[in-house]
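Participant: Using the supplied hints, reconstruct the complex from the two chains, each of which is provided in its own coordinate frame.
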Amino acid sequence: MKQRANWWYGGILGLLLVTIALALMAGTVWLGPRQLSVALSDHGSQAFVTVFSLRVPRILSSLVCGGSLAVAGALFQAVFRNPIADPSILGISSAADFFKLGGAMLLPWLPGREWLMALLGGLVALVILTSGRALADPYRLIIVGVALDATFVGLQQLLSSGATQVSHSTFNGLTWADATTLLVLGVIGLFVALLLAPWANYLKLTDAALKNVGVPVKVIRWSLLLLGMTLATSVTAVVGAIPFVGIVVPNVARRLVGHDYQTLIPFSMLAGAWLMLAADTLGRTVIVPSEISAATMMTIIGGPFVIILLQRGRGLHGMSIR
Amino acid sequence: MECQYVSYQYPHQSTGIADVTGTFPAGQVTTIIGPNGAGKSTLLKLLARQLPVASGQITLAGQSLNEYTAKTLAQQVAMVTQRHQLYDDMTVSEVVRTGRLPYHGLLQTVPAAEVTPYLATTGLTSLADEHVQNLSGGQQQRVWLAAALAQEPAVLLLDEPTTYLDVHYQQALMQQLRQLAATGMTVIQVLHDINQAFRFSDWLWLIKQGQLVTQGRPEALRQADLLAATFQTPIEIVDVPRLGPYIVQVPEASEN
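Taken in order, these protein sequences are the chains called L and A. Residues in the first sequence are numbered consecutively from 16, following the working numbering. Residues in the second sequence are numbered consecutively from 36, following the working numbering.
Simulated from the structure, these hints should not be mistaken for lab results. No experiment lies behind these values; they were computed from the predicted model shown. All residues carry an ideal CB built from backbone N, CA and C; glycine is no exception.
Result set (SDA-like, lysine to any residue): computed pairs, CA atoms no more than 20 Å apart in a straight line:
| hint | chain 1 | residue 1 | chain 2 | residue 2 |
| --- | --- | --- | --- | --- |
| 1 | A | K106 | L | P231 |
| 2 | L | K226 | A | L100 |
| 3 | L | K17 | A | L162 |
| 4 | L | K17 | L | L209 |
| 5 | A | K80 | L | P231 |
| 6 | L | K17 | A | P146 |
| 7 | L | K233 | A | P87 |
| 8 | A | K80 | A | Q110 |
Derived coverage of chain A by chain L (criterion: at least 3 residues anywhere in the stretch with Cβ under 8 Å from a Cβ of chain L; other residues may be distant):
| hint | segment |
| --- | --- |
| 9 | 99-111 |
| 10 | 118-124 |
| 11 | 136-142 |
Cβ-Cβ distance ranges computed for the label pairs, FRET-style:
| hint | chain 1 | residue 1 | chain 2 | residue 2 | range |
| --- | --- | --- | --- | --- | --- |
| 12 | A | A105 | L | V33 | 43 to 53 Å |
| 13 | L | F206 | A | Q39 | 47 to 57 Å |
| 14 | L | K233 | A | E37 | 29 to 39 Å |
| 15 | A | P146 | L | K233 | 24 to 34 Å |
| 16 | L | K17 | A | Q117 | 32 to 42 Å |
One chain only, chain A, in its complex shape (with noise of 0.2 Å):
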């Protein structure tokens, strides 16, 4: 997936992204960091088309995005947000099989054992028939990772898809990310912990007032000039035994 001069600007607001230009590696976990309000989340429905592009272009496989039917497109691009809501009540198996609507007709009712592989990659199998209101917030997040799975595409899309997670399923989410991408996915994610970007990313864009500061490997950008330039806060890199190099945010001169 590439941005090609993307820009896209809010109605009557400043925000927005301009002038993007970048490449999201196939088959590798990309993370998109920056300060808030940069634009990570409007980046990220750009690339789901969820929000149409200003100037500039998206493209996957070659193709731009706006040529894709949204069909096609959901066949080829999932987004997993940062807070799902059900107006109603829904069993897992009945969320996970809205994934599978992109291989369907409309009038065609999903049958159950389609989701059968996702409910498994996921660790929901027992839970199929329980309603999703009933879960817990890290349960729930894997029946929209489930659901997005579902749609078998050659991009899966991630807003914050740890919020809502303790520290364990953290891990395990992003574990399970890496895996997905080992398949030839492209995973594009937006993250507000530096450090779990650092560990868990194979590439970093690091954003900043809707612009691409840069983007390359963790080990290169592992800069405290540079997220510091970008963050606007002190930033120091110390190195924790048996974890490595760890981004802090150090006080301000000023502060005590």
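Extracted from the complex, chain L is given alone in its bound form (with noise of 0.2 Å):
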């Protein structure tokens, strides 16, 4: 399995490039790899504005939100023990974007109100979900999850009438203030998840054989859900709710390099970053000069994604719902 990963690993790695040099050309105006080039070097030419202006914060912003959704995703399996948990499916983001809504209404002089708000409406929306049988059930749990995404998605229609903001999810006209917040936040998220990756292979065993180790699982548990939830939030906070990365990603990372979270979270985060750069550049590109968002995108990869991988039973190849 190792080697095998490793020829996955290379993979994602080449077309994460390829992608990013595709995203770097492509839009309104294609550049071709010349003309990239000469926008490399003359600082004053309108190729190096689009490009550093618009496309470069676009593409880190996509980069960072990919590896954040999917490995909030991969976190949230773990703890949940439930292969399909993301904090999209179970209201996590939609509160998260309900409550950047409330606060936007609000609060509007509140430093840094985005992220905090997010951040809040995240924190609600888990208590929520483990504060009754939720987490001792998995279908439950999904049910539950899926109510509250509900409930929040009404909520912030309901609100958004009266709104000036209102969240499209998208990464178009991002600035590099809203890319460096998503790199500070992501990066750090990313970097704890990468630490605490053993955590969540612990989380396999059932709770009575941790604590025979020795193992404090509710720190471990709690930790893992506040991280996943932290990083699910951030890209609500700066794009908006994107569903499905955090269920698709994991899920086909399993197949690829196995089930040892030390392997599958650094893969699932470059594979949720390629995946939401292709996403993104693809919906920029194929109705030009309109485009579809990155939420749409992931909805209509995403939706059958997760019809096919419950349908079929092997989909979750060695992962039981208990």
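Facilitator: Structure below.
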């Protein structure tokens, strides 16, 4: 499996590089390799402005968002011991979106408002999700999560009729300031995720078995949940809720590189980054000059994927729903 | 390991453990036997501190179990339960390595080489990279035993360890527990098979309705009346050639 994993790592890195290059070139104005190299050297050119002010922050943001969402999904799946658990399906992201909107209306003066409110929303959803019996029952978890998601989407729609800011969950128009926020939060979060990856492995054992070997189950469960929630809500704070990345990527990654989270989390990071960038690049090039948002692209890809994953039991590949 | 007036009652239930006092001799295999619902597994969970003692105390090496931290307790007491479960795919080596967690920091990775001796002791060396879910019931049981041994415990607790094993593996496991006890380990198990318990144990605990009926050496407790009273069923002890005394449940007078 190690050898095979290495091949896939090589593959995804190659894909990433190719996609980054394509994303730099593609857009309303197509820049060939030559024009791109001119843009790199001539800082006064229009091409330079297009690439560095518009495309680079957008590419960096997509990469960090994709990596963050995929890792958040992997962490949620480890903690809930459920292969389709993910912050977007469980209502965390929509709660963050709703709180972000509420914050824009009620606390417009608050510094770091979008991030703080999104985090608060995520936390509220997480508490609701884990306070009842959903933790002990995988089906209840998903149903409660879907209900939570629908509730917050509904509440957001209710609020948005009077709001000046409405989230479209797109990378369009992202500035360097947005990209920097995402980069800082994402890189810190992803680094911590790499550090805590062994904890996700521990949760493959029952709580009783973990207590037997002196592992503080509650500490590791809540650390991973809060980390996953922070990663997902950081994306929501800047871009908006983007569904399915956290389900699609880790489940495909399990097939490719195996179930060891120390391999799975870094791979999901890279694969998530690639998927998000590919989806966004495709979304902004297929119907130029208009574009399809990243959230819509992921819904089109992710929805059918989850249906196939669940309808074909083999898709879960050894990870059982309790 | 010792129990002093240990009691525990499940919330909203009448079952539990009441006022149990007794010892588990070091370096010996002790088997707890008794009818269903007698509190055997509950007692084992109390010994592993998976349940909190309501009154009385359990001591290990003269120290109350409550004084141990989670980590130091895990270095002293290991438990193999009836049915272990994995929520996700793990290899044999990965599972056994979790047994070394009490000796490492939470963020440290346990080196694979560290579990080599425990894989060897349980005959799992060639299966180290196999996925546990692909193994037979007997092999899986050995994996959990290896993980428990990797804890280097002074006390090894086993809850019905023979349940999913065929006759051959049952015998092999019992022999292995004897060998472990011979190294000084305190082995405490719950068994349903009375004859197995009498045959492979150095010390027996008979419990009924949450109370200790008696404890002692198997020879001393091999009494039809005592066993009949404990299990509430007519019991006879017959002599089987080449095997010796064998405990059988005989039909009640009204049965045909």
